Amino acid sequence: AQSVSQHNHHVILSEAASLELGCNYSYGGTVNLFWYVQYPGQHLQLLLKYFSGDPLVKGIKGFEAEFIKSKFSFNLRKPSVQWSDTAEYFCAVSNNAGNMLTFGGGTRLMVKP
Amino acid sequence: GAGVSQSPSNKVTEKGKDVELRCDPISGHTALYWYRQSLGQGLEFLIYFQGNSAPDKSGLPSDRFSAERTGGSVSTLTIQRTQQEDSAVYLCASSSSWGRGTDTQYFGPGTRLTVL
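Top line first, the protein sequences correspond to chains B and W. Under this note's numbering, the very last position in the first sequence is 113; numbers go up by exactly one each time. Under this note's numbering, the very last position in the second sequence is 116; numbers go up by exactly one each time.
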C-alpha cells in the first residue's frame, strides 16, 4: 500500500517570503506525484504533477516541485508567496497499478499581507 | 466547458436514514472517482469507475456504502442507515483517457453531509 506524509500542518508566512512544503511518500514501485490546492470556498484543483522526465516540474501560479527518488520526496516550492496563495495544499500519489489518488493530510498555508 | 458538478451541495440527515449523492462528470470523461474529506481521516478514496468495467470498491468503508454509474456518465453514491461518523464532504472527480495513473483528476465542489 502507498502512503503520503505532509509534515507541516499549518504554515504562516508574510508576503514575499519563500515557501517550501514537504511531502514524502512510501511505495516500492513507480509512482505518479501530484500537488493539489484548495482555495477557501473552492474545490480542489491541480497545481502540478510529475510522472516521468525532468524531476523539477513547474506548475501554475509560479509553483514548482522537485521529485527526489532517493528521498521519496516531492516538495512544493514557491520563491515569493502572495496573499492569494492562502489555501490548503495536498500532496497525492497514484501508481500505474491503480488509478486512485492517495492524499497526504494537507498543509494549511496562511499568507499575511 | 462545464466542470464536475455535484448535488446537493449540502445535506443534513438524521442518523439511520439513507442518503443519495449525485455526481455529473465532465462530458466525455470515462473515469469517475468518489472520495471523502473528513476532519479525522483527511481525503480518502472510496470507489472508482472506468468505462463499463466493474468498479474498484476497495475504498468503501462498509457495506452501507454503494455506488452506481448509469450509462457511463452520472454516478450516485448511496449511504444506507447513516451514522454520525459518515459526516464528511463527499468529493467526486473525473478524468479523461482510460484512467491511467498519470491522468489529472478534476474535482467537483463536493457534497457536505451532516448526520445528526
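Since the hints were derived computationally from the structure, they do not count as laboratory data. From a predicted model like this one, the values you see are computed outputs, not experimental measurements. Check each hint, because a few of them may be wrong.
Said to hold, decoys possible - Pairwise CB distance ranges, derived in the manner of DEER restraints:
(1) W:Ala54 - B:Gln82: 42 to 48 angstroms
(2) B:Arg77 - W:Gln41: 38 to 44 angstroms
(3) B:Pro79 - W:Ser73: 28 to 34 angstroms
(4) W:Ser73 - B:Ala1: 28 to 34 angstroms
(5) W:Thr104 - B:Val11: 24 to 30 angstroms
(6) B:Ile12 - W:Thr102: 32 to 38 angstroms
(7) W:Lys57 - B:Ile12: 39 to 45 angstroms
(8) B:Met110 - W:Gly71: 22 to 28 angstroms
(9) B:Lys58 - W:Thr76: 45 to 51 angstroms
(10) W:Glu20 - B:Gln45: 25 to 31 angstroms
(11) W:Leu39 - B:Gly62: 26 to 32 angstroms
All C-beta atoms in this analysis are idealised placements derived from N, C-alpha and C, irrespective of residue type, glycine included.
Outcome of the hint check:
1. W:Ala54 - B:Gln82: 42 to 48 angstroms: Check passed, 46 angstroms falls within 42 to 48 angstroms.
2. B:Arg77 - W:Gln41: 38 to 44 angstroms: violated (28 angstroms)
3. B:Pro79 - W:Ser73: 28 to 34 angstroms: Since the Cβ atoms of B:Pro79 and W:Ser73 sit about 42 angstroms apart, the hinted range of 28 to 34 angstroms is violated.
4. W:Ser73 - B:Ala1: 28 to 34 angstroms: Holds, at about 31 angstroms.
5. W:Thr104 - B:Val11: 24 to 30 angstroms: holds (25 angstroms)
6. B:Ile12 - W:Thr102: 32 to 38 angstroms: holds (34 angstroms)
7. W:Lys57 - B:Ile12: 39 to 45 angstroms: holds (40 angstroms)
8. B:Met110 - W:Gly71: 22 to 28 angstroms: Given about 44 angstroms between the Cβ atoms, the range is violated.
9. B:Lys58 - W:Thr76: 45 to 51 angstroms: For B:Lys58 and W:Thr76 the Cβ distance comes to about 38 angstroms; the hint is violated.
10. W:Glu20 - B:Gln45: 25 to 31 angstroms: holds (26 angstroms)
11. W:Leu39 - B:Gly62: 26 to 32 angstroms: holds (30 angstroms)
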